[in-house]
Amino acid sequence: MKDIIIDIKHQQSSHCETGVVSTLLRSKGLDISEPMAFGLSSAMTFVYLPMVKIGGLPLIAYRMPPKAIIKSVCKKLNIELETRKFSDQAKGMQALDDELAKGNLVGLQTSVYWLPYFPEDMRFHFNAHNLIVYGKTAQGNYLISDPVFEHVVECPAEDLQRARFAKGALAAKGLMYVVRNVPKQVDLTPHIYAAVNKTAKMMNGLLLPFFGNKGIRHLAKKINKLTKEKPKYQKLFLGNIVRMQEEIGTGGAGFRFMFASFLDEAAKLTGDKQLQAAAKQGTEVGDNWREFAMDAVLFCKKRKDLSLTQVSEKLISCADQEKSLREKLLSIKAA
Amino acid sequence: MDKKDVPQDNSATYQGQKKLIYAVDESGHYQGVTSTGWEVESFATQMAVDELQQQSDEALIKAQNGEVSSLAYHMLRLRFDLVSLAQTTGFFQWQIKRHLTPKVFAKLSDKKLAIYGDVMKMTIAELKSLPNHNDSTN
Numbered sequence: 001m002k003d004i005i006i007d008i009k010h011q012q013s014s015h016c017e018t019g020v021v022s023t024l025l026r027s028k029g030l031d032i033s034e035p036m037a038f039g040l041s042s043a044m045t046f047v048y049l050p051m052v053k054i055g056g057l058p059l060i061a062y063r064m065p066p067k068a069i070i071k072s073v074c075k076k077l078n079i080e081l082e083t084r085k086f087s088d089q090a091k092g093m094q095a096l097d098d099e100l101a102k103g104n105l106v107g108l109q110t111s112v113y114w115l116p117y118f119p120e121d122m123r124f125h126f127n128a129h130n131l132i133v134y135g136k137t138a139q140g141n142y143l144i145s146d147p148v149f150e151h152v153v154e155c156p157a158e159d160l161q162r163a164r165f166a167k168g169a170l171a172a173k174g175l176m177y178v179v180r181n182v183p184k185q186v187d188l189t190p191h192i193y194a195a196v197n198k199t200a201k202m203m204n205g206l207l208l209p210f211f212g213n214k215g216i217r218h219l220a221k222k223i224n225k226l227t228k229e230k231p232k233y234q235k236l237f238l239g240n241i242v243r244m245q246e247e248i249g250t251g252g253a254g255f256r257f258m259f260a261s262f263l264d265e266a267a268k269l270t271g272d273k274q275l276q277a278a279a280k281q282g283t284e285v286g287d288n289w290r291e292f293a294m295d296a297v298l299f300c301k302k303r304k305d306l307s308l309t310q311v312s313e314k315l316i317s318c319a320d321q322e323k324s325l326r327e328k329l330l331s332i333k334a335a
Numbered sequence: 001m002d003k004k005d006v007p008q009d010n011s012a013t014y015q016g017q018k019k020l021i022y023a024v025d026e027s028g029h030y031q032g033v034t035s036t037g038w039e040v041e042s043f044a045t046q047m048a049v050d051e052l053q054q055q056s057d058e059a060l061i062k063a064q065n066g067e068v069s070s071l072a073y074h075m076l077r078l079r080f081d082l083v084s085l086a087q088t089t090g091f092f093q094w095q096i097k098r099h100l101t102p103k104v105f106a107k108l109s110d111k112k113l114a115i116y117g118d119v120m121k122m123t124i125a126e127l128k129s130l131p132n133h134n135d136s137t138n
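Protein sequences, first through last, are from chains E and U. Counting from 1, one number per residue, gives the positions in the first sequence under UniProt numbering. Counting from 1, one number per residue, gives the positions in the second sequence under UniProt numbering.
Don't read these hints as lab results, they were simulated from the structure. Please read all numbers here as calculations on a predicted model, not as lab measurements. The beta carbon of each residue, even a glycine, is placed where N, CA and C say it ideally should be. Check before you lean on any hint, since a few could be wrong.
What the hints assert, rightly or not - Taking lysine-lysine pairs in the BS3-like style, the calculated list, with each CA pair at most 30 Å apart, reads:
1) U:K112 <-> E:K85
2) U:K97 <-> U:K121
3) U:K4 <-> E:K9
4) U:K112 <-> E:K53
5) E:K9 <-> U:K3
To be verified - Chain E is nowhere near these chain U residues, computed Cβ spacing over 10 Å in every case:
6) E26
7) K62
8) N65
9) G66
10) R77
11) K97
12) K112
13) L113
14) G117
So here's chain E without its partners, still in its complex pose (with noise of 0.2 Å):
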């Protein structure tokens, strides 16, 4: 057997979902970036779920669940997106490797678990990691574009099948996306507007208390009652919302970038200067984001004399800013 190398352009991306799918349609001829995909997918958003525990310590993501994102950006582009999943381990091997011979880019989700080619540090029982094979060695080992990389990888075949079916919360079960067509020309300017107000709509929150500017006064308050619980606890707590912020998926901040970014990309598309003047807001939320996480590493230090009501309000200040920053995208409406 030859190496199956297929002609891909690698991107290093913030976050694997909007990376895969940005790669994918660039691969297929269709500009779109990382932060266009983000935003055109109005996947930003805040979720604190107290009662989802991992390793004993809650939920908290910030944006939408995994699969949205593609989806949700294929379905308003009409962008022809098979997927498949596999109750056969090696059906769903083999179907890789017909694609993959067929000469077509393989989006995949997956355990990070497993991937051999993560740091030490940063491997852990998450399952809904996303990744692009590109080839594969006359050896059998698979030639993978993961956007959260630098550089392309190399992951041997067994790896990457326990990857793929890992079990658990979020099980892939193996799935596999291919694009197959993408349209020639495609009008994005409309998208972007019914994106902005939808993403404005959902950053008030739903009904529920777990949910956008809701969820994250919700958090806040139960920052302030850490005081009741040990100091260990406190700082697990806190050091808990700062990964998931900052580290898993890129973060809270990162995705309010990225969101910025996405904003700031539509500006330039439409001319639009509400756009811009958006971005600008939506950058100085992202600003805050990162300074609420200084404060809680802080409180952990116990450098600085920072009290559990000050990093609560610092957080209160964020959903303050969220809240007006949602004001300035209703506002916005096309020409």
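Since chain E is already given, all that's left is putting chain U on it; use the hints.
Same frame as chain E, but now just chain U:
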């Protein structure tokens, strides 16, 4: 965040990798900038990793002293907890809790051990054994 403010703190946890962040350049527009890590983030990561390490070290000592089964150590070493191990093996959490006691674990069938082995990428013999430790009390 301004491009010039993108942290370059050479996080040990990145192991030489870089991360992409969107930041604002001199002209006021966004571009992707690579970061070697942020001290704030790496502190939080290190805290979590240290906690896991401590838990697995404690489990190793307890397992060597016969207070818990070797499964307790391997579970934590491989960054599983009761919830995630239950989700991946299909056992109930209360079943796994029982398996963490040496007496029950010693009587487990090879079939059940194989379920753990499959999920944890270990042979049954490996699952039953502990690393040799010089200061082991056994």
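Taking the hints in turn, this is what the structure says about them:
no.: 1; hint: U:K112 <-> E:K85; in the structure: 27 Å, holds
no.: 2; hint: U:K97 <-> U:K121; in the structure: 20 Å, holds
no.: 3; hint: U:K4 <-> E:K9; in the structure: 27 Å, holds
no.: 4; hint: U:K112 <-> E:K53; in the structure: 26 Å, holds
no.: 5; hint: E:K9 <-> U:K3; in the structure: 24 Å, holds
no.: 6; hint: E26; in the structure: 14 Å, holds
no.: 7; hint: K62; in the structure: 19 Å, holds
no.: 8; hint: N65; in the structure: 24 Å, holds
no.: 9; hint: G66; in the structure: 26 Å, holds
no.: 10; hint: R77; in the structure: 12 Å, holds
no.: 11; hint: K97; in the structure: 15 Å, holds
no.: 12; hint: K112; in the structure: 16 Å, holds
no.: 13; hint: L113; in the structure: 17 Å, holds
no.: 14; hint: G117; in the structure: 13 Å, holds
In the structure shown, no violation is registered for any of the earlier numbered hints.
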